[in-house]
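On the provided structure of chain P, position chain A as indicated by the hints.
These protein sequences, in sequence, are chains P and A.
Per the numbering used here, the very first residue in the first sequence carries number 1; after that it's consecutive.
Per the numbering used here, the very first residue in the second sequence carries number 1; after that it's consecutive.
Careful, some of the hints might be misleading.
For identical chains, the list gives no copy identity; a pair is met inside one copy or between any two copies.
[Claimed, not checked] Only pairs whose alpha carbons sit at most 27 angstroms apart, straight line, appear in this in silico DSS-like list of lysine-lysine:
| no. | residue 1 | residue 2 |
| --- | --- | --- |
| 1 | 110 | 181 |
| 2 | 110 | 91 |
| 3 | 181 | 289 |
Since the hints were made in silico from the structure, they are not lab data.
Number of protein chains: 2
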Amino acid sequence: MNPRKHYFGSGPAALPQCVLEGMSEAILDYKGSGISLLSIPHRGPAFQAILDEAQELVLHLSGLSADEYAVLWMQGGGRHQFALLPMNFLKTSSAAGYIDSGHWAQAALKTAQHYGACQTLCSSSDNDYSSLPAWPPSLPEGLSYIHLTTNNTIYGTQMPELPLSPVPLFADMSSDIFSIKRAYSRCALFYAVAQKQLGAAGVTLVVARRTLLEQGNPSLPDVFSYAAQVRAGSVLNTPPVSAIYSCLLTLRWMQQQSMQTIEKQNREKAALVYAALDEQPLFHCPVAKDSRSLMNVVFKMNHAEQEQAFLNYCTSKNIEGIRGHRLLGGFRAALYNAVSLEDAAALANAIRQFNHKT
Amino acid sequence: MNPRKHYFGSGPAALPQCVLEGMSEAILDYKGSGISLLSIPHRGPAFQAILDEAQELVLHLSGLSADEYAVLWMQGGGRHQFALLPMNFLKTSSAAGYIDSGHWAQAALKTAQHYGACQTLCSSSDNDYSSLPAWPPSLPEGLSYIHLTTNNTIYGTQMPELPLSPVPLFADMSSDIFSIKRAYSRCALFYAVAQKQLGAAGVTLVVARRTLLEQGNPSLPDVFSYAAQVRAGSVLNTPPVSAIYSCLLTLRWMQQQSMQTIEKQNREKAALVYAALDEQPLFHCPVAKDSRSLMNVVFKMNHAEQEQAFLNYCTSKNIEGIRGHRLLGGFRAALYNAVSLEDAAALANAIRQFNHKT
Numbered sequence: 001m002n003p004r005k006h007y008f009g010s011g012p013a014a015l016p017q018c019v020l021e022g023m024s025e026a027i028l029d030y031k032g033s034g035i036s037l038l039s040i041p042h043r044g045p046a047f048q049a050i051l052d053e054a055q056e057l058v059l060h061l062s063g064l065s066a067d068e069y070a071v072l073w074m075q076g077g078g079r080h081q082f083a084l085l086p087m088n089f090l091k092t093s094s095a096a097g098y099i100d101s102g103h104w105a106q107a108a109l110k111t112a113q114h115y116g117a118c119q120t121l122c123s124s125s126d127n128d129y130s131s132l133p134a135w136p137p138s139l140p141e142g143l144s145y146i147h148l149t150t151n152n153t154i155y156g157t158q159m160p161e162l163p164l165s166p167v168p169l170f171a172d173m174s175s176d177i178f179s180i181k182r183a184y185s186r187c188a189l190f191y192a193v194a195q196k197q198l199g200a201a202g203v204t205l206v207v208a209r210r211t212l213l214e215q216g217n218p219s220l221p222d223v224f225s226y227a228a229q230v231r232a233g234s235v236l237n238t239p240p241v242s243a244i245y246s247c248l249l250t251l252r253w254m255q256q257q258s259m260q261t262i263e264k265q266n267r268e269k270a271a272l273v274y275a276a277l278d279e280q281p282l283f284h285c286p287v288a289k290d291s292r293s294l295m296n297v298v299f300k301m302n303h304a305e306q307e308q309a310f311l312n313y314c315t316s317k318n319i320e321g322i323r324g325h326r327l328l329g330g331f332r333a334a335l336y337n338a339v340s341l342e343d344a345a346a347l348a349n350a351i352r353q354f355n356h357k358t
Numbered sequence: 001m002n003p004r005k006h007y008f009g010s011g012p013a014a015l016p017q018c019v020l021e022g023m024s025e026a027i028l029d030y031k032g033s034g035i036s037l038l039s040i041p042h043r044g045p046a047f048q049a050i051l052d053e054a055q056e057l058v059l060h061l062s063g064l065s066a067d068e069y070a071v072l073w074m075q076g077g078g079r080h081q082f083a084l085l086p087m088n089f090l091k092t093s094s095a096a097g098y099i100d101s102g103h104w105a106q107a108a109l110k111t112a113q114h115y116g117a118c119q120t121l122c123s124s125s126d127n128d129y130s131s132l133p134a135w136p137p138s139l140p141e142g143l144s145y146i147h148l149t150t151n152n153t154i155y156g157t158q159m160p161e162l163p164l165s166p167v168p169l170f171a172d173m174s175s176d177i178f179s180i181k182r183a184y185s186r187c188a189l190f191y192a193v194a195q196k197q198l199g200a201a202g203v204t205l206v207v208a209r210r211t212l213l214e215q216g217n218p219s220l221p222d223v224f225s226y227a228a229q230v231r232a233g234s235v236l237n238t239p240p241v242s243a244i245y246s247c248l249l250t251l252r253w254m255q256q257q258s259m260q261t262i263e264k265q266n267r268e269k270a271a272l273v274y275a276a277l278d279e280q281p282l283f284h285c286p287v288a289k290d291s292r293s294l295m296n297v298v299f300k301m302n303h304a305e306q307e308q309a310f311l312n313y314c315t316s317k318n319i320e321g322i323r324g325h326r327l328l329g330g331f332r333a334a335l336y337n338a339v340s341l342e343d344a345a346a347l348a349n350a351i352r353q354f355n356h357k358t
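Isolated chain P (complex conformation):
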């Protein structure tokens, strides 16, 4: 086996070593049962215990109660949520409001437009999404909901706090869930694909206020209805058992560290990398300082023709996964929870020490 890389992929992303080891072992034999994790029945007690513990950890990490919020594990990724939200909650007599902070926020809006009226409430497209849009000073009357993206992986911006919204707030937290303390109770619904912060690709965590679910469209097929999925306890049909188990292992690891420690370490990691970028004259970070993401550091070289040499230099230092999104080029390094301080320091050192002349 190669030495473990300093891996900064933006998703599927690095996972804690204990999660990989737990998954690897459970696939051969789930807890000494003689049956693989891939074969345990989804309606049996072993999987129910996984669901129960995962729900408890999600609620604990978000500071929410099971009385008020339901926890769901769904398939289909973010794009599936982009469709389900308006299908369930966009009323024909009203519009949905979208905060346009970049690529994924826009994709959510475009999908919702298939299902009804949508309004862009604010946008930072004018500055190429290099900062977060300002929350609108006033809102249109009677919105069904407001959708936002808390962290923008491609543009490297992050919303430090959730707004207080007068209408139900839906938040895509795919890339920064459980990375800093947040007032999750400001959301009527939040969701996160697993493959950034939580576990294996193939499952999406959805947390929804129970009173919201009661107001959803009652005429959808069960497979598209949040309320029906909650009634079925995430096992309307066979869920992605092993992907959910990988999330449980990651949630346990988070719980052991505490949200306070995780946030502190995330701030330290980001500070290391941004400091190196701000000091090194060959590089720059295009993101406004007050919008910079702790999770995805986006950066460029002043001379794009030096990028390949920097990538090669990183490879020689065992650093991988920093190539920028195919739409934007440059670099981006994901500093999700599972990326260690040591990983971040290795990247910061590479940025500082890179000499384009050698």
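Then chain A, alone, in the frame of chain P:
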């Protein structure tokens, strides 16, 4: 680790040992790359190679060509397909025809009814689905498509051959894909959830005729459009990477054995278990002989109060996963490809040797 069980769960089901070992290893380190299978990028060359090889094996095992058929890996399970089929292909001016062979066939019909007119073309509900319904002698004019379920896990019936249909035929093959040789080219589209024959829960294989895709509803959001998913090569958004890899490992194992050997062994396994059932006076199989499934053997005890004793006896013989579906009770044993002749013999012996008096 416990000794490996004789496991007859109907899904998530047993997988070949080589698949479990391959998954376990790849999760720690994908092919010596120093990166976990759970972290490899879904748009990188390593995952593209997985998709390419899996597509080639699927087409080879089905005897189809890439020119004529597209291979897709989707999320959401069978219930998701139940909705996508009418959303994409049920024209407003026409109806869809459904063959009612039991629970899942009915669930497909009920979901489709949300999207347009549907007709039950034939049904075996009159005999509690203990046989397959006869193909209708004549079909209504102008159907958009006909949907059928080739193998009925709950009722233990299986369609030995695919019908020649004058309109596009859509087949749910979740529980018997690649278990016997079939004329797959009779289908315009067939699909199978992974967790029975193919791999880990969380991915669904869809194979669709390219000329069919061109006729699909063009106004759906991409996430619900087969055509858009094909255009995106199964990576419209992050797919369930590790679940797809588990399918690749199983497909390789099938390819090594050949479909001929797999079919021969499946016939032998089923013959062993049905023979034991037909001989043992304490048990009976409620399924008509010409409809009996090679994949799911459904059986009952003549005296239901002896069932728990038989389950206990099986546990003592290391046999698990034979409890019947929650809707029907009794027993069912899945004899999917990964269940060995030795497993089937162990179950047949348990049936023969069970003495309710001890």
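So, going through the hints one by one against the coordinates:
| no. | hint | in the structure |
| --- | --- | --- |
| 1 | 110 / 181 | neither (30 angstroms within a copy, 44 angstroms between copies) |
| 2 | 110 / 91 | both (17 angstroms within a copy, 24 angstroms between copies) |
| 3 | 181 / 289 | within (20 angstroms within a copy, 62 angstroms between copies) |
The earlier numbered hint that this structure contradicts is number 1, and it is the only one.
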